[in-house]
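Asker: Given these sequences and hints, build the entire structure.
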Amino acid sequence: MIALSLQNLDIFYGETQITHNINVEIKEGESFALVGESGSGKSTVLKAIAGLAPEWSGSISAFGQPRSHNIDQQFAKHCQMVFQDPYGSLHPRKTVDATLSEPLAIHGVSNQNGRVEDILVAVGLDRKFRFRYPHQLSGGQRQRVAIARALMLEPKLLLLDEPTSALDVSVQAEILNLLKRLRREQNLTFLMVTHNLPVVSFLCDRLAVMRHGRIVEIADVAELKRGALKEPYSRELMDISSAHAG
Amino acid sequence: MSLLEIENLRVTFPTPKGNIDVVRGISFNLDRERLGIVGESGSGKSMTGRAILKLIRAPGRVSADTFRFDGIDLRNQSEKAMRSIRGARISMVMQDPKFSLNPVMTVGEQIAEALQTHKRLPRREIRNRVHTMLEAVRIADPERVATLYPHEISGGMGQRVMIAMMLIPEPDLLIADEPTSALDVSVQAQVLDIIDEQVKRKGMGLIFISHDLNLVSSYCDRILVMNSGTIVEECNAGDLRNATHPYTRGLIAAIPQLNETRDELPVLDRSTWVAK
Amino acid sequence: MANVRSWLIDDSPSSRLQARLGRAYRISGALSRNPLAAIGAVIILILILTAIFAPWIATHDPLKQDLTQRLLRPSGINWMGTDELGRDIWSRVVYGARITLVIVVLVAVLAAPAGLVIGAVAGYFGGWIDRILMGITDIFLSMPKLILALALVAALGPGIENAIIAIAITSWPGYARIARAETLTFKNSEFIAAIRLQGASSLRVILGHVLPLCTSSMIVRVTLDMAGIILTAAGLGFIGLGAQPPLPEWGAMIARGRSFILDQWWVATMPGFAIIIVSLGFCFLGDGLRDVLDPKSGEQR
Chain A
1 MIALSLQNLD IFYGETQITH NINVEIKEGE SFALVGESGS GKSTVLKAIA
51 GLAPEWSGSI SAFGQPRSHN IDQQFAKHCQ MVFQDPYGSL HPRKTVDATL
101 SEPLAIHGVS NQNGRVEDIL VAVGLDRKFR FRYPHQLSGG QRQRVAIARA
151 LMLEPKLLLL DEPTSALDVS VQAEILNLLK RLRREQNLTF LMVTHNLPVV
201 SFLCDRLAVM RHGRIVEIAD VAELKRGALK EPYSRELMDI SSAHAG
Chain B
1001 MSLLEIENLR VTFPTPKGNI DVVRGISFNL DRERLGIVGE SGSGKSMTGR
1051 AILKLIRAPG RVSADTFRFD GIDLRNQSEK AMRSIRGARI SMVMQDPKFS
1101 LNPVMTVGEQ IAEALQTHKR LPRREIRNRV HTMLEAVRIA DPERVATLYP
1151 HEISGGMGQR VMIAMMLIPE PDLLIADEPT SALDVSVQAQ VLDIIDEQVK
1201 RKGMGLIFIS HDLNLVSSYC DRILVMNSGT IVEECNAGDL RNATHPYTRG
1251 LIAAIPQLNE TRDELPVLDR STWVAK
Chain C
2001 MANVRSWLID DSPSSRLQAR LGRAYRISGA LSRNPLAAIG AVIILILILT
2051 AIFAPWIATH DPLKQDLTQR LLRPSGINWM GTDELGRDIW SRVVYGARIT
2101 LVIVVLVAVL AAPAGLVIGA VAGYFGGWID RILMGITDIF LSMPKLILAL
2151 ALVAALGPGI ENAIIAIAIT SWPGYARIAR AETLTFKNSE FIAAIRLQGA
2201 SSLRVILGHV LPLCTSSMIV RVTLDMAGII LTAAGLGFIG LGAQPPLPEW
2251 GAMIARGRSF ILDQWWVATM PGFAIIIVSL GFCFLGDGLR DVLDPKSGEQ
2301 R
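Protein chains in written order, with the numbering used here: chain A, 1 to 246; chain B, 1001 to 1276; chain C, 2001 to 2301.
Hints in this document: simulated from the structure, not taken from any laboratory.
Any given hint could turn out to be false.
Claimed, not checked - BS3-like mimics (lysine-lysine), calculated; alpha carbons at most 27 Å apart, straight line:
#, chain 1, residue 1, chain 2, residue 2
1, A, K47, C, K2187
2, B, K1017, A, K128
3, B, K1098, A, K47
4, B, K1054, B, K1200
5, A, K94, A, K128
6, A, K27, A, K156
7, C, K2145, A, K94
8, B, K1098, C, K2187
9, B, K1017, A, K94
10, C, K2187, A, K77
11, A, K77, A, K156
12, A, K27, A, K77
What the hints assert, rightly or not - Just a few of them, taken from the derived set where beta-carbon distance is under 7 Å, the chain C residues facing chain A:
#, residue
13, T2185
14, F2191
15, A2193
16, A2194
17, A2200
18, S2202
From the three backbone atoms N, C-alpha and C, an ideal C-beta is built for every residue, glycine too.
Answerer: Have a look at this one:
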């Protein structure tokens, strides 16, 4: 089954057209990466899917159902997002418990207490963190809370916006392991936006390289690992990454 | 004599629960070479950089047994004396050009000001030097760029302007604190190449502070790895792969590779060395 | 005691209640370390206690006239002297605390929530809703407070209830402005985006997530404004449009004492002191609260 399908997606901010003719199909259970530099439009695609960039034409459909331009509760159950900055994505005046219970309250789900406890275990957070405020947590712990929040409604599709780029490498490793495990355990579909090709290599199955609002190339991660991307721009990105990896 | 000699450097901040050392007695020497300081957030690497310029704000305190730059004992320099050292002898490039450039001055004026603060020169000479400097940081049409305001240039260009500003007084030591973390990878390499080229040509010392092990090892001669305020490892850049300290080894192992085959990334077990 | 304290400052609270109490404890702790704020808090506390226990604190009946005892100097019997109708000024000041407190609390209860909601709605939705609401706000802001209050009281008729309504109507626009400014800074943050993505309605986002962030700056502002409210109420009382005689309202008391200010200075001065001290108390407390509550400058660290 197709988890997410983008057809001829053109996204606008007012007069400016950000993306041109984006076509992507992601299978259920797949982990797909959108790769590119800042200004390539990769994050905008994610926002449009989530409903935070409502000006677009073309079509977005998740699990066979076309998506409206606004945020709706039905879609929220299928699809959730994890943001880049763990310091900005948690409400500063809400405890971990309040942050995690809120989605359940919105959708009228019962047994909130038990579900919050379960999810803390799933994302590897000790119970003692449950009633802390965000400023009492480290960056890695905050990102675990953000991931837990996204999983509260048991979505099938997770949108990841550079989920580890604000973290230290040792913490990045923990979060990447966590994402990989959660995907396996809960049969999640990932759409991840990143500029970091090694992270793609670790976590993803396929990738699309974006530049100036267009998709330059779609390839299997196996090709990335072999260094066999075809387009010159993709190869350029790859060369920079491998030069750094020394 | 080394350019910079530091022995037992401490940076201390008082808190309600007692004093906290963010840098805990580190020692190192620097010649006219490229030294990398690597560490994660909270390791004290940035505080070390700021301490060298005596830019630690009160109530923070800096102390050291030896703290000499080019023979000058920095410990007993007044704030006024430090101002003539900062910029002229030791410069610092910060992380994000957006916050370090003055938004209401043109790029050219800012670079010129950096020069004028320390040297008196005729106007024409200043103009020429600014343009030469902009060319040196690989800005193609310096005449035009000099007249632009910071919001009119890209992040990569902004960082090159910052570098031009910092290098125009021809300092002996450049401290670069995460100079490229706010930039795209393709621009990163270019900016680092420029720093590298200038440092080599002018025979300056460079302290390159970063969280990125790979980046530091490819642009520096020598590397210090810091963890919770202490130096845990010191080695030549080429020998980083043979690092011995468990923290360094753990950090290297935690970085995903382009041709990643591991199913799980190894996670740092901090208990092995924090125990002391 | 030590147990209660360690329970309160526990880094890993085990219930919502403990987390909330812990936060309150940390805030009050920080407040008590700020000397001015502590003085302010003590003054306000004394005001509240005086208002509650007025019948026990007052030495005389505040309304009882005794023309044989007119305009007596402060003495062991009449601590602050007596006024032109022979009423004990100390007792009247003590009972006046009740009126002042009622005015202040009612204005805060009426004006702050109204301003908060109007500002948050305008800021959150933006567009034409913002333009209309802020247009109305600006019209109110452009008129001098006291004149507007005067006009309202003149239209509604003099009296303490109408004075309260008039002051409330003149003070909400300031709160709406603050709430709007605060809302604009949070509106595009990722944590608001995250809650919207979970399908929360606008009402829920505003009430549950935006307003809690505006409240601390609102509390600070309201506390600082209390002094102004007291002064406006006293001003209205002074010109005879606020509390009506024989109510012992401080402003009205000063007005009565005006005629004797040269010979019997205490008649006007004593309630004047009360006004100054209480206004200062609110200002000190407000400043202290700003240092402690302001999300940009503290508490988080």
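Asker: Any CB of chain A closer than 7 Å to the CB of A2200 of chain C?
Answerer: Since the shortest Cβ distance to chain A is 5 Å, the answer is holds.
Asker: Would you mind confirming whether the straight-line C-alpha gap from K2145 of chain C to K94 of chain A stays at or under 27 Å?
Answerer: 37 Å, violated
Asker: Given the hinted pair K1098 of chain B and K47 of chain A, is their Cα-Cα distance within 27 Å?
Answerer: Within the cut-off at roughly 25 Å; holds.
Asker: Regarding the pair K1054 of chain B and K1200 of chain B, is the alpha-carbon distance no greater than 27 Å?
Answerer: Holds, at about 26 Å.
Asker: Measure nothing beyond the straight line between the CA atoms of K47 of chain A and K2187 of chain C; if it is 27 Å or shorter, mark the hint as holding.
Answerer: 16 Å, holds
Asker: Tell me if the interface restraint on S2202 of chain C is satisfied: Cβ within less than 7 Å of some Cβ in chain A.
Answerer: S2202 of chain C check fails; min Cβ-Cβ to chain A is 10 Å, beyond 7 Å.
Asker: Are the Cα positions of K94 of chain A and K128 of chain A separated by 27 Å at most?
Answerer: Judged against 27 Å, a Cα distance of about 15 Å means the pair holds.
Asker: Is the straight-line distance between the alpha-carbon of K1017 of chain B and that of K94 of chain A 27 Å or less?
Answerer: 26 Å, holds
Asker: Are the Cα atoms of K1017 of chain B and K128 of chain A separated by 27 Å or less?
Answerer: 22 Å, holds
Asker: Minimum Cβ distance from A2193 of chain C to chain A below 7 Å?
Answerer: 6 Å, holds
Asker: Given a cut of 7 Å on the nearest C-beta pair, is the interface hint for A2194 of chain C held or broken against chain A?
Answerer: With a minimum Cβ separation of about 6 Å from chain A (threshold 7 Å), the hint on A2194 of chain C holds.
Asker: Quick check on F2191 of chain C please, does its C-beta sit within 7 Å of some C-beta on chain A?
Answerer: With Cβ-Cβ at 5 Å, under 7 Å, it holds.
In terms of the numbered hints stated before, the structure departs from hints 7, 13, 18, listed from lowest to highest.
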